[in-house]
Amino acid sequence: MTTLTLKDSIQLPEMAFEISQHLGFSKLESAKWAWLEIAGSVLSHYVVDRHERLEGLLHWFYQDLGFCARESYFSVEAADLGACVTTRQGNSTTLATVLMLLAKQLDLELEPLLLPGTTVLCSRIDDKIRYIDPLTGDDLTRHELHVLVRGELGNGAGFKSSYLKPVSSKRLISRMIHELKAGSIVSHQFEPAMECCNLLLQWHSDDLNLNRERAFIAQQLGCISVAAADLKHFVDNSPHDPVIELVKMQLKELKGKQEVYH
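Numbering (the numbering used here), first residue to last: 93 to 354.
With a straight-line Cα cutoff of 25 Å, these simulated DSS-like cross-link-like pairs (lysine-lysine) come out:
| # | residue 1 | residue 2 |
| --- | --- | --- |
| 1 | Lys347 | Lys324 |
| 2 | Lys124 | Lys99 |
| 3 | Lys119 | Lys99 |
| 4 | Lys220 | Lys196 |
| 5 | Lys257 | Lys196 |
| 6 | Lys99 | Lys257 |
| 7 | Lys196 | Lys262 |
| 8 | Lys196 | Lys99 |
| 9 | Lys262 | Lys119 |
| 10 | Lys262 | Lys124 |
| 11 | Lys99 | Lys262 |
Distance windows between CB atoms, simulated:
| # | residue 1 | residue 2 | range |
| --- | --- | --- | --- |
| 12 | Lys99 | Thr179 | 24 to 30 Å |
| 13 | Lys340 | Glu244 | 26 to 32 Å |
| 14 | Tyr255 | Lys347 | 38 to 44 Å |
| 15 | Leu96 | Ser279 | 18 to 24 Å |
| 16 | Ala131 | Gly348 | 53 to 59 Å |
| 17 | Leu313 | Lys340 | 19 to 25 Å |
| 18 | Leu245 | Trp295 | 20 to 26 Å |
| 19 | Leu120 | Asp230 | 28 to 34 Å |
| 20 | Asn247 | Leu120 | 40 to 46 Å |
| 21 | His151 | Pro331 | 51 to 57 Å |
| 22 | Val259 | Leu96 | 17 to 23 Å |
| 23 | Glu244 | Lys220 | 24 to 30 Å |
In case anyone wonders, no lab produced these hints; they're calculated from the structure. Virtual Cβ for every residue (Gly too), placed ideally from N, Cα, C.
Sequences are here, hints too, so could you generate the full structure?
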């Protein structure tokens with residue numbers, strides 16, 4: 093796999109399409125053409141009243157174009173923005189991204205909010221704030237947002253005010269790569285999963301959990317020296333982490349294993 097250097101200046105959806113092609117998933121050209129076709133059609137829904145414009149966009153996106161949640165929700169295809177625009181199916185992050193970009197074409201702002209385990213959109217028109225479920229286009233109440241968080245983190249989880257802060261394109265792309273990584277691991281595609289970790293570490297070099305994840309993936313590939321180096325890095329830099337003893341045991345086990353990756 094060739095090297096891809098992630099830039100801090102992000103063009104959406106182009107960067108997401110480029111990452112998907114780099115990982116060996118959807119084709120850049122097909123994704124671009126599908127996107128241009130949809131983006132070109134959205135302008136016919138421009139009406140003066142912004143509330144009506146948003147309603148028109150949501151109806152067109154879900155009813156006319158048929159965008160919806162992919163049945164294999166945790167798959168690579170659901171997390172791949174290129175596959176989302178070509179097949180009109182995705183997960184909450186890819187659907188939210190497409191809808192956010194189409195809204196921008198209509199001079200509407202839909203802000204992505206990254207809740208644990210799901211992405212939602214926030215619309216602020218005049219004094220009206222709406223939280224929109226990108227899987228269906230339905231409105232969500234604050235209580236329903238909290239239910240989503242509790243569903244992911246457990247019944248005792250509180251609702252942090254930070255969940256309602258819009259995120260940058262960089263954070264959105266990072267979540268997309270995390271979800272591509274998870275989809276790759278589920279389908280035992282460990283090489284693209286490893287590359288997802290490498291890409292994320294370009295932007296989040298201090299996230300030691302990425303080193304731990306990359307060690308697990310490297311071990312699946314038989315790349316023992318990389319796995320051992322990542323675990324050692326974790327141990328050296330997280331001496332008080334609750335899982336440190338477990339990681340030390342993993343490291344000890346690895347030292348007795350044979351390298352098989354080429």
